[in-house]
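K.L.:
Those protein sequence lines, which keep their order, are chains A and F.
If you count the first sequence from 1, position 245 lands on 245 in the numbering used here, and the numbers rise without skipping.
If you count the second sequence from 1, position 253 lands on 253 in the numbering used here, and the numbers rise without skipping.
It is worth saying that the hints were derived from the structure and are not from the lab.
No residue lacks a Cβ here, since even glycine has one placed at the ideal position from N, Cα and C.
Some hints here could point you the wrong way.
Here are the simulated distance ranges between beta carbons [what the hints assert, rightly or not]: (1) 60(A) <-> 279(F): 48 to 54 angstroms; (2) 226(A) <-> 194(F): 39 to 45 angstroms; (3) 357(A) <-> 194(F): 33 to 39 angstroms.
Calculated cross-link-like contacts (lysine-lysine; reagent style DSS-like; alpha-carbon spacing at most 30 angstroms) [to be verified]: (4) 166(F) <-> 246(F); (5) 225(A) <-> 113(F); (6) 384(A) <-> 166(F); (7) 187(F) <-> 225(A); (8) 246(F) <-> 32(A); (9) 187(F) <-> 96(F); (10) 32(A) <-> 265(F); (11) 166(F) <-> 243(F); (12) 180(A) <-> 128(F); (13) 267(F) <-> 384(A); (14) 96(F) <-> 384(A); (15) 180(A) <-> 225(A); (16) 96(F) <-> 265(F); (17) 43(F) <-> 166(F); (18) 225(A) <-> 166(F); (19) 253(A) <-> 32(A); (20) 377(A) <-> 52(A); (21) 66(F) <-> 194(F); (22) 187(F) <-> 43(F); (23) 225(A) <-> 265(F); (24) 32(A) <-> 224(F).
Some but not every residue of chain F turned toward chain A, in silico, with C-beta under 8 angstroms [as the list claims (entries may be wrong)]: (25) 124; (26) 131; (27) 179; (28) 265; (29) 268; (30) 272; (31) 277; (32) 279; (33) 282.
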Amino acid sequence: MRLAKEYSWLLILLVLIQFPCLVWAQNGNDEKNIEMHGFLMGIYSLRTTGQKPGGKEGRDFLLAEERLRLDIFGWTESIEASARVKGDFLFDHVSEEFDVDLREAYLDYTTANFDFRLGRQIVTWGVGDLLFINDAFPKDWISFFAGRPLEYLKIGVDGFRTRYSSEAVNAEFLVIPRFKPDNLPTSDRFFLFDPFADVPSRFEQEPESSFENTELALRLYRRIKNFDVSAHAYRGFWRTPSMLPDNFAAPTKVTAFYPDLSVYGLSAQGSAWDGILSFETGYYHSRQDEGGNDPIIPNSQVRFLVGYQRQVWEDFTIGLQYYGEIMEDYSAYRSSLLTGFPAQEEYRDIVSLRLEQLMQHQTLLLSLFTFYSPVDKDYLFRPKIAYKILDNMSCALGANVFGGRNNTTFLGQFDKNDNIYLWVRFDF
Amino acid sequence: MILVMKKAILGVIALVILIVGQAFSEETAEQKMPLSAVRIIEKSQQAFYYQGDDMKTNVTMELIAKSGGQRTRVMSMLRRNATEGGNQKYFIYFHKPGDVRRMTFMVWKYPGKEDDRWIFVPAVDLIKRIAADDKRSSFVGSDFTYEDISGRDVAADTHSLLRSEKLAGRDFYVIESIPQEPSEYTKRLSWIDKKTLLPLKEEYYDVQNELFRVFTADKIENIKVGEGLDENVFPTVTRRTMKNLKTGHRTEVVYSSVSYNLGLKDKDFSERHMRRPPRSWIR
């Protein structure tokens with residue numbers, strides 16, 4: 001994290017230097033070609049279970065922070081070039097620290113058929129609603145589970161993107177030289193399942209920035225009949241760490257590392273049956289565990305989802321999804337599973353439901369999103385009320401309610417972290 | 001010169017084919033409703049929703065509650081007509097309010113069936129399709145529906161010419177339109193200006209046959225198109241109001257910087273431009 005911060009400043013600097021250049025490149029026209037917007041936001045998330053985890057940030061509040069967003073954009077008229085820096089300055093009352101969250105910082109350049117983007121950028125792939133298959137880009141699950149607005153679920157990647165557009169096919173190619181893991185809840189602030197809870201000595205080993213560790217992602221897409229179809233390929237790493245103990249019987253040290261991963265898949269979305277039909281599938285190739293015998297590294301998987309969304313009456317939308325995950329080499333997984341570790345099923349699935357009703361000229365939103373896994377028997381309920389008080393002022397009140405039969409499954413482990421959150425935002 | 005003439009001849013031929021074709025296809029419909037009313041509505045839609053080959057405008061929408069509370073939506077809108085079948089493509093870029101700034105919205109409109117709609121969410125760099133099959137649903141929370149913005153299928157209603165009327169020095173056709181299938185309204189009355197064929201007033205009646213929604217075109221500007229011999233003038237409604245009499249809520253819309261025939265291409269209405277609209281589109 002410390003390193004990441006230094007790197008952030010470098011990026012800000014790089015892009016800021018570009019602004020004068022961009023403005024100067026303009027041949028003195030009357031129009032301004034730089035603009036700044038942003039918002040002030042307070043986010044507060046209170047754990048409702050009345051319990052506090054033992055970690056150093058284990059408070060009643062999961063989140064208590066004020067953020068100042070600055071979004072600066074500059075462009076040229078003569079050549080289609082532009083630059084953006086978008087970041088938050090925040091004070092976190094839980095850790096009692098100031099922080100900078102550089103969301104995006106990039107330079108854009110456009111030619112006849114190509115669009116280039118260099119720098120920190122958010123990339124979202126796939127057609128799932130909060131279920132990701134071909135989107136192997138980093139995510140911030142802390143933000144998601146604690147109630148920050150949805151945009152904070154995505155973390156920007158630092159890399160170079162080339163987009164090619166034509167009538168036959170469109171393509172998007174990303175080169176990401178620096179790895180970023182998912183931001184996962186830790187026992188500092190969350191109750192969660194940790195098989196190595198008693199081991200105090202923890203290390204983390206991220207893939208080093210090197211030529212062979214450079215992540216690559218390719219998407220080819222076009223419209224086929226009435227569907228938007230994409231083919232995806234990704235070569236990089238799992239973003240959830242694997243835990244390697246120094247000794248399986250009596251570990252004294254655990255090292256978190258990120259095994260090699262490739263993902264190949266397809267996604268499609270189009271109109272059908274008076275609504276929107278979505279389909280996505282992907283093969284997760286766990287390259288460091290070909291036979292599935294390594295108890296530390298996840299096995300390869302096939303993932304798929306089917307979704308359907310439609311407007312039932314005015315301003316009321318319903319969305320349903322079914323997601324499945326099939327483990328390859330299940331018998332190898334079972335036979336190599338470490339004693340004392342909870343066993344996963346060969347097939348894991350999730351059903352999601354979204355209900356949304358807009359009211360009062362679309363200024364009031366009542367929404368409910370739920371995840372339920374029939375196999376894991378765990379769930380997450382996310383009710384929310386959002387209201388636009390004025391054009392430039394909005395607020396939301398919501399909750400995250402976790403539960404499940406076991407406290408070792410993905411959602412079940414967060415059972416004691418039920419929270420209600422409130423955010424208020426003022427745009428400028 | 002020869003090229004221009006060729007184009008003109010081809011254009012005339014195409015027009016003749018179109019008119020003849022339509023005349024034949026409407027034979028059955030004509031038995032049910034008087035031809036003139038359908039034709040007037042068609043021509044009126046042409047003048048109101050299909051003027052020119054393409055169009056660009058900046059749109060300011062004021063949503064005004066009965067209590068006086070006001071909300072403002074500012075956007076840039078581009079529209080292009082397809083060569084056939086009344087299909088159109090729309091592109092909308094949101095400038096205000098701040099929480100939707102840079103959001104873009106694209107509609108591929110097909111009069112006879114469901115439209116294709118996409119939205120670009122800049123905060124997560126995502127384009128997704130949106131389910132909104134009901135063309136009668138509100139556009140961005142205003143008193144205008146999607147249909148009011150981009151036009152209603154002429155064949156969805158039975159039209160009849162009630163009378164001709166003179167109001168404030170202008171001659172109007174007064175047309176009654178009854179939906180073929182249950183709709184949000186049971187009857188619509190349109191006052192169509194005989195000179196420009198623009199609808200200057202519309203009244204919508206509900207199941208109790210009570211007036212509940214009124215559209216008025218409050219300002220018409222003549223927008224100059226082309227130069228020299230090609231110069232033409234398109235009368236355009238640049239200020240309009242939709243008022244809901246039941247709730248007292250109303251929406252006022254102002255078009256500014258209207259221009260026609262920019263030479264937009266079909267492929268311009270793409271995912272690429274949703275993510276990165278040309279500067280000239282959103283100024």
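K.L.:
Which hint numbers doesn't this structure obey?
P.N.:
Numbers 3, 6, 7, 8, 9, 13, 15, 18, 19, 21, 27, 28, 29, 31 and 33, in rising order.
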